[in-house]
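Asker: Chains A and B supply the protein sequences, listed in that same order. Sequential numbering of the first sequence, starting at 1, is according to the working numbering. Sequential numbering of the second sequence, starting at 1001, is according to the working numbering.
The hints are simulated quantities; they were obtained by calculation from the structure and are not laboratory data. Computed from a predicted structure; not experimentally measured. Where is the CB? At the ideal position from N, CA and C, for every residue including glycine. A few of these clues could be false.
To be verified - To be clear about the criterion: a stretch of chain B counts as covered by chain A if any three or more of its residues have a C-beta under 8 Å from a C-beta of chain A, and this derived list gives those stretches:
hint	region
1	1085-1099
2	1207-1215
What the hints assert, rightly or not - Under the rule of at most 25 Å between Cα atoms (straight-line distance), these lysine-lysine pairs were calculated in the BS3-like manner:
hint	chain 1	residue 1	chain 2	residue 2
3	B	Lys-1080	B	Lys-1042
4	B	Lys-1120	B	Lys-1077
5	A	Lys-185	B	Lys-1160
6	B	Lys-1160	B	Lys-1120
7	B	Lys-1145	B	Lys-1042
8	A	Lys-185	A	Lys-24
9	A	Lys-185	B	Lys-1145
10	A	Lys-136	A	Lys-24
11	B	Lys-1120	A	Lys-185
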Amino acid sequence: MDILYAIFVDPFVQMGANPVFFLKVMWEGLVAGMLYALIALGFVLIFKASSVFNFAQGIMVVFAALTLVGLHALGLPAYVALILTIAVMYALALGVERLVLRPLVNQPDIILFMATIGLTYFLVGFGEFVFGGDPKQMITSDLGLPHGIYRFHLMHKVLIVQKLDVVAAIIAVIMVTGLAIFFNKTRIGRALRAVADDHQAALSVGISLNQIWVIVWFAAGLVALVTGIMWSAKSDVSFALQIVALKALPVLILGGLTSIPGAIVGGLIIGVGEKLGELYWGRLLGGGIDAWLAYFIALAFLLFRPQGLFGEKIIERV
Amino acid sequence: MPADSAAVKAASQPEVLLEVDNVSLAFGGVQAIRNVSFDIRKGEIRAIIGPNGAGKTSMLNCINGFYHPQVGTITFKGVKRADMKPHDAAAQGISRTFQNIALFAGMTTLDNIMSGRNLKMNKNFFWQLLYFGPARDEEIAHRGKVEEIIDFLEIQHIRKTPVGQLPYGLQKRVELGRALAAEPDLLLLDEPMAGMNLEEKEDMSRFVIDVNEQFGTTIALIEHDMGVVMDLSNRVVVLDHGEKIADGTPDEVKSNQDVIDAYLGVAH
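The whole structure should be built from the sequences, with the hints applied where relevant.
Answerer: Take a look at the structure:
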């Protein structure tokens, strides 16, 4: 009886008893979830257009952030460094297309997946070689990102919200809306989806695969840059960040590998679920459940809804 | 198709749109096409027929740039082409359908046909990213053209259906629509009526004739149904084991002894 009470009743009593604390936990969960969602978004972009699962997305986040900080450390103004970093991400996209994807065209997906693992280790090595391995500080204030907090007075209590988190949320919403429109309403977006569906047919209507791959890797690079800035503003720029990228996996499984809204909703569910689970249910299992809860949720989804919440329904005609 | 109009076309000898000259294609030791030459004239429906494995689809793939023949040249609109990529062929005005339907299964009929207009749309990445101003106007203008094609092919009712869910016959029609959306000069149809019932075949034949007559599109057609081939086409080229064994009007081809042998088989 006690255990049932602890699982099904007590947490909700606590939530009701201190709603401001509950709101705070929710907000933290949403912010974390949004960052997961951004990483997942990078995966989705590339998967949609080339059905390649890009293992290197995590390191691309680190690499973009490192490049930005590194260029700034050379004495360049923050915005110049930002523009140059965007150029570097474009060069990376071109390089990946020319040196990795083009020679491997028409190979099975698993080969391309292995190639992205290779790319990961290349970027780790290259990044350490150029920028060094020690953690760095993100140039938050130089980029004009706010710091400090907002205080909200609710029910005689104070709810504290980081200004940075609010800005991050706004930027994420703008970026996601833009990408969703781009994918669904424009010629290039349609071409991206066409390439994902059928290479041969895409070629026959005059879509150049090479060009599409560059665009999609560049878009994923831009998403990586934004994610890198946001993540490292909260901690440091270091290679440890790429581990966080693995959190994108449960998000992808939950949301569906091919769905932009899926990445967002999946990210938010995982973020909020982790925080709520840890704070209200965690002590039942001795704490620390946020480390594995996401994967557990993902596993349950794989059993019952393998295409994810919003993934394209797998249509097979026999 | 009235017989006399075909005769008139043949008599006036319109200019050659595409010329295949002495083309050979091999995959390793397998000789798929051997020294084949023929031409396609502007405005005609040209059938390519032959038994299974004769090299018909390989021929189409050469014309559209998927394969590059080792020997011989292909001249399109008077320009001899070097080894070109399929999207370059599309840019020059060649579009096609596939023997095994190659549609974008997850996309709607509308999006599939819109994707056929890919090359007609040229607002750049920047505007596309914003989906604002020119890119948006362009999208709307092209949508109008696509609606005309949808009306023409009588597929209004499946406009918003993901094509993966459509029955086979309709998928074939959507694929034709996507090829037409590019407003091609040369349309390559690889077995457009394969696997269709009689009614569907009649519909498809009507569309092919209408495309040819209303839009003046030149069509190269691979088809196994001899009735259809004889009715539709102005001229027929026959391949067997990668070689050309006959070339001429449907009547000439029908009475050619080599063709009869190829189809019925002879004792060697």
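Asker: Each hint needs a verdict: does it hold in this structure or not?
Answerer: Outcome of the hint check:
no. : hint                      : result
1   : 1085-1099                 : holds (count 8)
2   : 1207-1215                 : violated (count 0)
3   : B:Lys-1080 <-> B:Lys-1042 : holds (17 Å)
4   : B:Lys-1120 <-> B:Lys-1077 : holds (19 Å)
5   : A:Lys-185 <-> B:Lys-1160  : holds (14 Å)
6   : B:Lys-1160 <-> B:Lys-1120 : holds (22 Å)
7   : B:Lys-1145 <-> B:Lys-1042 : holds (24 Å)
8   : A:Lys-185 <-> A:Lys-24    : violated (37 Å)
9   : A:Lys-185 <-> B:Lys-1145  : holds (16 Å)
10  : A:Lys-136 <-> A:Lys-24    : violated (29 Å)
11  : B:Lys-1120 <-> A:Lys-185  : holds (16 Å)
When the structure is compared with the earlier hints, violations turn up for hints 2, 8 and 10 and for no others.
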